[in-house]
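Colleague: Take a look at the letters that make up each chain.
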Amino acid sequence: KAGVTQTPRYLIKTRGQQVTLSCSPISGHRSVSWYQQTPGQGLQFLFEYFSETQRNKGNFPGRFSGRQFSNSRSEMNVSTLELGDSALYLCASSTGLFTLGGYTFGSGTRLTVV
Amino acid sequence: DQQVKQNSPSLSVQEGRISILNCDYTNSMFDYFLWYKKYPAEGPTFLISISSIKDKNEDGRFTVFLNKSAKHLSLHIVPSQPGDSAVYFCAARGTSGNTPLVFGKGTRLSVIA
Numbered sequence: 001k002a003g004v005t006q007t008p009r010y011l012i013k014t015r016g017q018q019v020t021l022s023c024s025p026i027s028g029h030r031s032v033s034w035y036q037q038t039p040g041q042g043l044q045f046l047f048e049y050f051s052e053t054q055r056n057k058g059n060f061p062g063r064f065s066g067r068q069f070s071n072s073r074s075e076m077n078v079s080t081l082e083l084g085d086s087a088l089y090l091c092a093s094s095t096g097l098f099t100l101g102g103y104t105f106g107s108g109t110r111l112t113v114v
Numbered sequence: 001d002q003q004v005k006q007n008s009p010s011l012s013v014q015e016g017r018i019s020i021l022n023c024d025y026t027n028s029m030f031d032y033f034l035w036y037k038k039y040p041a042e043g044p045t046f047l048i049s050i051s052s053i054k055d056k057n058e059d060g061r062f063t064v065f066l067n068k069s070a071k072h073l074s075l076h077i078v079p080s081q082p083g084d085s086a087v088y089f090c091a092a093r094g095t096s097g098n099t100p101l102v103f104g105k106g107t108r109l110s111v112i113a
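Residue numbers (the numbering used here), protein chains in the order written: chain A, 1 to 114; chain B, 1 to 113.
Treat each hint with caution, since some may be false.
[As the list claims (entries may be wrong)] Lysine-lysine pairs mimicking DSSO-like chemistry, simulated, CA-CA at most 30 Å apart: (1) B:LYS5 x A:LYS57; (2) B:LYS71 x B:LYS54; (3) B:LYS5 x B:LYS56; (4) B:LYS5 x B:LYS71; (5) A:LYS13 x B:LYS54; (6) B:LYS71 x B:LYS56; (7) B:LYS5 x B:LYS54; (8) B:LYS68 x B:LYS56; (9) B:LYS56 x A:LYS13.
Calculated from the structure, these hints are not laboratory results.
From just these sequences and the hints, can you work out the full model?
Modeller: In structure tokens, the structure reads:
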């Protein structure tokens, strides 16, 4: 069974540009969540999607947005990139909004903004 | 406001001894708690969970204890092995209502052979 796939694995962008990250959940999983990990800050919650609807949103500026498609794949977009957006972006999937055992994470996309 | 706190950024333990990782939470709506382990360049991996209706859950070498009155949980690893060296994240969520999974900042465990 394939795991959660995130593409690309690594990305270098220039300040002011925009970026789109992709996440393919485990087959059959309908919930996708996104997290930002930076040194010393742990995993900060970005969004949670279920059945193409955003169910929860973290405390991030409007430059961060996301969406989920009918096949449960999800994308997140960051516009007008800032140096502080450099981070590991993690996607996690689960069968539903609340699942015992938690989420299955992908390996992440490492975004570097220069 | 940090709703899930792991106050020890790092911990070193001798192989074969017990590792105890601590976590505190502030949101009284949290009633489901999880521990994840993370190796460099990989996503976090689910380790063990506990519901607020229990105060202990065991899975092999891993035991999680929950003290609801103190809003505190701990992960015990016995015996500790070098392969346990990783960053451990505590996470929590409320199951009634629509709340996301909230993570602590993590504790880096080093098991020394």
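Colleague: Confirm or reject each hint.
Modeller: Against the structure, the hints come out as follows:
1. B:LYS5 x A:LYS57: It holds: about 20 Å lies between the C-alpha atoms, which stays within 30 Å.
2. B:LYS71 x B:LYS54: 13 Å, holds
3. B:LYS5 x B:LYS56: 20 Å, holds
4. B:LYS5 x B:LYS71: The given pair, whose Cα atoms are some 11 Å apart, holds under the 30 Å limit.
5. A:LYS13 x B:LYS54: The hint is violated at about 47 Å.
6. B:LYS71 x B:LYS56: The given pair, whose Cα atoms are some 14 Å apart, holds under the 30 Å limit.
7. B:LYS5 x B:LYS54: With a Cα-Cα distance of about 21 Å, the restraint between B:LYS5 and B:LYS54 holds, given a limit of 30 Å.
8. B:LYS68 x B:LYS56: 11 Å, holds
9. B:LYS56 x A:LYS13: 46 Å, violated
The structure fails to meet hints 5, 9 from the earlier list, while all remaining hints are met.
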